[in-house]
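Fit chain V to the supplied structure of chain P, relying on the hints for placement.
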Amino acid sequence: MASDPSEHSPMAVKILIAGGFGVGKTTLVGAVSEISPLQTEEILTNVGVEIDDITGVERKTTTTVAMDFGRISINGEIVLYLFGTPGQDRFWFLWDELALGALGAVVLADTRRLTDCFPSLDYFERRRTPFLVAVNCFDGVQRHSVDAVRRALDLDDRSPVVLCDARDRRSVKDVLIALVEHVMVVRA
Amino acid sequence: MTRDEHDWLDAEAGPVVRPYAVTRGRTNARTGGWAGGWGKATPIDLVAFVQAVDDTSTGMFLLPEHQAILDRAKTPVTVAELAGHLDLAVGVVRVLLDDLLQQRLISINEPDGAGRPDERVLKAVINGLRSL
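From first to last, the protein sequence lines are chains P and V.
Quick note, the first sequence lines up with residues 2 to 189 if you use the numbering used here.
Quick note, the second sequence lines up with residues 848 to 979 if you use the numbering used here.
Chain P extracted, bound-state conformation (with noise of 0.2 Å):
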């Protein structure tokens, strides 16, 4: 007898996790995911060093070269997939499909490299996906306040800036939550 699917499967909502390289992606979706995040890493080559930015991210030796990806079941109807964007320029490729039938984007920012995260800002912005700017905290250390990262990402009033510890499981609950009010907000 043939099964279908179409009785049992849960429905899949996706959230982009995107931002510069190093930024904490990988650390964010491992901090709320119930299953170990699946990803392909590649070890960073001299090759690599020329073509990856690691300014400022002295302690990152290896970078995600795929996507990584995480999974929390709502209830049994809904689970929630996260997935991390390619933090790399040549993988830019990849983020169509990504962003494909995706609910919203959380663009995780280090204030060391704010800049890193406007190519993430100028796409969701192009593609009207609803977006907030999660500011990791990196050792609890806030460098600046949340209106002084609006002003230097020039962002307009409705995209939430919010802070957070990309490692602790709470803090990036709440920034999962935060963005799914937002989007809330943005289609009401």
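In short, the hints are calculated from the structure, not lab data.
Some clues are possibly wrong.
Pair ranges (Cβ atoms, derived) [as the list claims (entries may be wrong)]: (1) HIS145(P) / SER978(V): 25 to 35 Å; (2) ALA149(P) / LEU910(V): 48 to 58 Å; (3) PHE908(V) / GLN143(P): 53 to 63 Å; (4) ARG951(V) / ALA149(P): 55 to 65 Å; (5) ASP157(P) / LEU979(V): 26 to 36 Å; (6) ARG113(P) / ASP918(V): 41 to 51 Å; (7) ARG967(V) / ASP123(P): 30 to 40 Å; (8) GLN143(P) / GLN914(V): 45 to 55 Å; (9) SER74(P) / GLN950(V): 47 to 57 Å; (10) ARG951(V) / PHE119(P): 42 to 52 Å; (11) GLU126(P) / LEU979(V): 37 to 47 Å; (12) ARG871(V) / ALA149(P): 20 to 30 Å; (13) ALA868(V) / ALA149(P): 45 to 55 Å.
For the chain V half of the interface with chain P, some residues (derived, Cβ under 8 Å), not all of them [stated by the list, open to error]: (14) VAL869; (15) ARG873; (16) ILE973.
Note that the structure is predicted; figures quoted are calculated from it, not measured.
Even for Gly, the Cβ is constructed at its ideal location relative to N, Cα and C.
This is chain V only, laid out in the frame that chain P set:
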């Protein structure tokens, strides 16, 4: 050359088999895999659910990777998760899924109303996240 010729093939070099070797070089999923060409057909979505169909009668020669997909898909599983668990590129998985689809060994449930879950769903997501 000396036998040092392949010294670069160490553990860090990763697999040296080309990703599409497993599909015998086919990069083209007939039902519109990612590698099937830009804009040709919609590729099977990353979060489409794959489920094995309860039908063992097939004349098809199954690769171990086909079998692995069928094993994983006894309960619905997404394309992205299949690729992750099988450690294969998504494009490769799509070709393999296409094979299985042609043989009616799987069914694929594409996401509904892509990206536009209604308010009820959004509220459920928020409540679900809060209670994590």
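Going down the list of hints, with the structure as the test:
no. : hint                              : verdict
1   : HIS145(P) / SER978(V): 25 to 35 Å : holds, 32 Å
2   : ALA149(P) / LEU910(V): 48 to 58 Å : holds, 55 Å
3   : PHE908(V) / GLN143(P): 53 to 63 Å : holds, 59 Å
4   : ARG951(V) / ALA149(P): 55 to 65 Å : holds, 59 Å
5   : ASP157(P) / LEU979(V): 26 to 36 Å : holds, 30 Å
6   : ARG113(P) / ASP918(V): 41 to 51 Å : holds, 46 Å
7   : ARG967(V) / ASP123(P): 30 to 40 Å : holds, 32 Å
8   : GLN143(P) / GLN914(V): 45 to 55 Å : holds, 51 Å
9   : SER74(P) / GLN950(V): 47 to 57 Å  : violated, 31 Å
10  : ARG951(V) / PHE119(P): 42 to 52 Å : holds, 48 Å
11  : GLU126(P) / LEU979(V): 37 to 47 Å : violated, 30 Å
12  : ARG871(V) / ALA149(P): 20 to 30 Å : violated, 56 Å
13  : ALA868(V) / ALA149(P): 45 to 55 Å : holds, 52 Å
14  : VAL869                            : violated, 15 Å
15  : ARG873                            : violated, 20 Å
16  : ILE973                            : holds, 5 Å
In the structure shown, a violation is registered for the earlier hints numbered 9, 11, 12, 14 and 15, in ascending order.
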